[in-house]
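A.B. asks: With our numbering applied, the sequence shown corresponds to residues 56 to 503, in that order.
The set of hints was computed from the structure by calculation and includes no laboratory data.
Only a predicted model underlies this, so the values are computations on that prediction, with no experimental measurement involved.
Ranges of calculated distance between the beta carbons of each label pair, as one might list FRET restraints:
hint, residue 1, residue 2, range
1, 119, 247, 17 to 23 angstroms
2, 493, 332, 45 to 51 angstroms
3, 142, 193, 20 to 26 angstroms
Cut-off 25 angstroms, straight-line C-alpha distance, at most; resulting in silico cross-link-like pairs (PhoX-like, lysine-lysine):
hint, residue 1, residue 2
4, 101, 332
5, 146, 101
6, 106, 325
7, 155, 187
8, 146, 248
9, 108, 248
10, 332, 248
11, 388, 333
12, 226, 283
13, 333, 248
14, 155, 108
15, 333, 351
From the three backbone atoms N, C-alpha and C, an ideal C-beta is built for every residue, glycine too.
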Amino acid sequence: MRKLPLSIGCLFAVFLFVGCGAYFNQPLNRTNARIGENTSSRSSVKDFLPKDKMVVGVYKFRDQTGQYKPIENGSTFSTAVTQGGTSILLKSLEDSKWFKPIERENIGNLLNERQIIRNTRQEHSNNNTSVKLPPLLFAGIIIEGGVVSYDSNIITGGSGLRYFGVGGSNKYRQDRITVYLRVVSTTNGQILKNVYASKTILSQGISANFYRFVALRRLLEVETGVTKNEPAQLAIKEAIDKAVELLIVEGIVDGLWQPEGGDEVVQIVKENYQKEKKEASETKLFDRKQELNRSKNAINVTALASKINGDYSNSALGLGFDIKYKYTLDNPKFAISASSGLFELKNTGIFKESFINSSLNLEFILLPYDTFTPYLYAGIGSVSKTNLSESYFKFQYGLGLEYLISNNWGVTINGEHNMLNTDNLDNLVRGQQNDQIWNIKAGFSFYF
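Throw the hints in and build the complete structure from the sequences for me.
C.D. replies: Laid out in structure tokens, this is it:
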């Protein structure tokens, strides 16, 4: 029983680390209706107004995915994507302040109502002359498109920890939707512009539990958790808002419509668009930046621990250092490196000696565009005694990890295996196997 408060304390400590924000803001009370959430980030065209607003018609913005809501054991007949895309698109067009949306989705209702007005006025007028209504606005352009893709579970994962009946876990899932918009001229049917935008939908769940026999026939079990699901409707709204922004920006760049402020504003919009376009081209799926942050030249300084696998028993760790120069080839996945350093080998109470290490390696960087990447290397080199009286050829290979703190500085850690062409490194020849050296290195890299 004395250990019980400590276990419960550990349980709550787990919650503090896995997501206390959502847990301590649980919806325990009813809420009133509110103004719709503003999900979109700041638009790059909100500060610019058009010379003339464009009258635009939207007949239908359809869900073209055919997707149904996924559940654990299949799916339901409820659609995964909202069927009110037209209303969302009209709201986005109005909020942009660049367009005058007109009613086209339910144009039949509008025409019927206008006919009722004509008939009513004509019946109650003193003369039998026809009653005229103001003409309807006609659209210079119409916008077509729809939600063309709903990809569920593009990435899933989680983590957990349990010890002696106390544990916590978290899970996440990411879906992705894609919308397309195209602007069509009503005078000649030409497609003036075609854009698309995508948005991910995140779902997260955290839980913690406590399960312990506190006495012979007394079981204490505590379980709690919280799940958050990003609303699909808000994700679609944000994707549509972004697509409308792209229509405006690319239309300005191509000269389809003009903003107030003339060429100066056009130049600002072009510069911002080119910057965003470059960033988008360097961002792959899962928001991975494909930007080459590493320069071609680098100096790496590491501390190392070495252990000999030779003819004596009781080998112990010896310390040392290593300095490496690395040059990245035109293909950023490959690099050539040359290194030299000093290290110590020893067997407890038997052998202890310092050596000079020299290596030439070919490196393969698995993720050269990422800040965190594993890398492999292999090459040849030599191990020499500090007085240079003896020198031995070797072949080495290794596996490492590198994390970029900034564009110039990185942290590295790697393990290395050295295979020598001699069995006399520890001054003893015994058996048929040559001496070997294992190294563990950790240090810093400077790119320039």
